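Visitor: So you can see what is in the structure, the chains are spelled out below.
2 protein chains.
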Amino acid sequence: MKIGIFGTGGVGRTIAAKLARLGHDVVIGTRDPKATLANTEKGPMGGALFSEWHKEHPTISLRTFAEAAAHGELLINATSGFGSLEALKLAGDANLGTKALLDISNPLDFSRGMPPSLFVSNTDSLGEQLQKAFPQVRVVKGLNTLTAGLMVDPAMLPERTNLFLCGNDAAAKDEVRALLKQFGWADADMIDLGDITNARGTEMVLPVWIRLWGALQTPFFNFRIVKAG
Amino acid sequence: MKIGIFGTGGVGRTIAAKLARLGHDVVIGTRDPKATLANTEKGPMGGALFSEWHKEHPTISLRTFAEAAAHGELLINATSGFGSLEALKLAGDANLGTKALLDISNPLDFSRGMPPSLFVSNTDSLGEQLQKAFPQVRVVKGLNTLTAGLMVDPAMLPERTNLFLCGNDAAAKDEVRALLKQFGWADADMIDLGDITNARGTEMVLPVWIRLWGALQTPFFNFRIVKAG
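As they're listed, the protein sequences go chains G and P. Start counting the first sequence at 9; every next residue gets the next number (this note's numbering). Start counting the second sequence at 9; every next residue gets the next number (this note's numbering).
Only chain G is shown next, with the shape it has when bound in the complex (with noise of 0.2 Å):
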């Protein structure tokens, strides 16, 4: 399948590699593609350059964001989250037209310090604003409460845990659906929480998460509801 994916950060590049693992047919957006593998100043998060990393993905190819947009039949956001609107954006209405849109992107604000705040929460979420801006995308917001390396590999954990969906098209969540049980995840493990108004819960999510990262000393955890009987 032709996949287009935003951002060529950590959680991009985790999931670009497993796409193409899988034989999927990957293009990264980014905002200018010289400049990103020309780019010598390694992230706040530290890890490779993409430089580095690209060359050790050679089937992956590095466009513009309309490029990714105009080539993925399904398209993944994981840029920033300041970054989400602007990158939308430039991939332009007419190559996102209709698609959908695993959004994956949390409002983290760092500028405050550790911990992130975020910048848009309890009465809004970036995945409503994203749905708003580009009224004909078909936005399911998902997989933005784990670290990358689980999003792609769920059995790197001894127990089954859950994902939560939401997005306000069914067939969009399908598609999300399929593409996440080749990563791993099984149909019980993913949690649909209707339409993308339930965004601002799921990324509300982030403020404790960050804060188990520091309890647990390892981002290598998830959530596993438990139900009675």
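Since the hints were derived computationally from the structure, they do not count as laboratory data. Keep in mind the model is a prediction, meaning the values are calculated, not measured. If a hint is listed, it holds; no wrong ones were tucked in.
Intra- or inter-copy, both count: the list cannot distinguish identical chains.
20 Å max Cα-Cα, derived EDC-like pairs, lysine to aspartate or glutamate: (1) K235 <-> D161; (2) K97 <-> E81; (3) K235 <-> E167; (4) K235 <-> D197; (5) K140 <-> E94; (6) K235 <-> D200.
Chain G is already provided as a structure; the job is to place chain P on it using the hints.
Guide: Leaving out everything else, chain P in the frame of chain G:
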């Protein structure tokens, strides 16, 4: 042990009944005990009138916030979020002293309809507001991320699940943990997130918790944190 509980709603009653069964000497505090006993209007969550409930729990005294605070060696805040600061003010500094206070309240605002939003979040929390307004009280935020029946009976769930605690005073957290162990929580179930600012994280769990209640069609669920080996 002498325990003072603020709040006559479902959470306060459930905790009070459990503590009484465990042999503790419990006083529930309210603004006006006569009014609470005379009340004939059911609250938004339905349930029995306080007077009906009280007939079945005659060993539990209903007094003023001040009297409940004076009675307790350990205090528990189970008021609605909007009423918490006022309840502690009515309890009075002299009666609150430097006691440990387990704060279960959540800053839920139902005024805009369902699901509720939070009236404080993100860069502040109700737990912090209580601690700031009553600096000598040793506030421990906890139990606010699950339904009342499960707070006092975690074995209702088929697997062990987790609680999140935070607060500035290590000894107060120990006092709270000792009490929660009597409810059936194991030390390993209770994750200490650090100081009271971490209440921002645990109070912001409510928006997804409420939505999960809807998706799962029951409030009888809890989070189990699954960590990579």
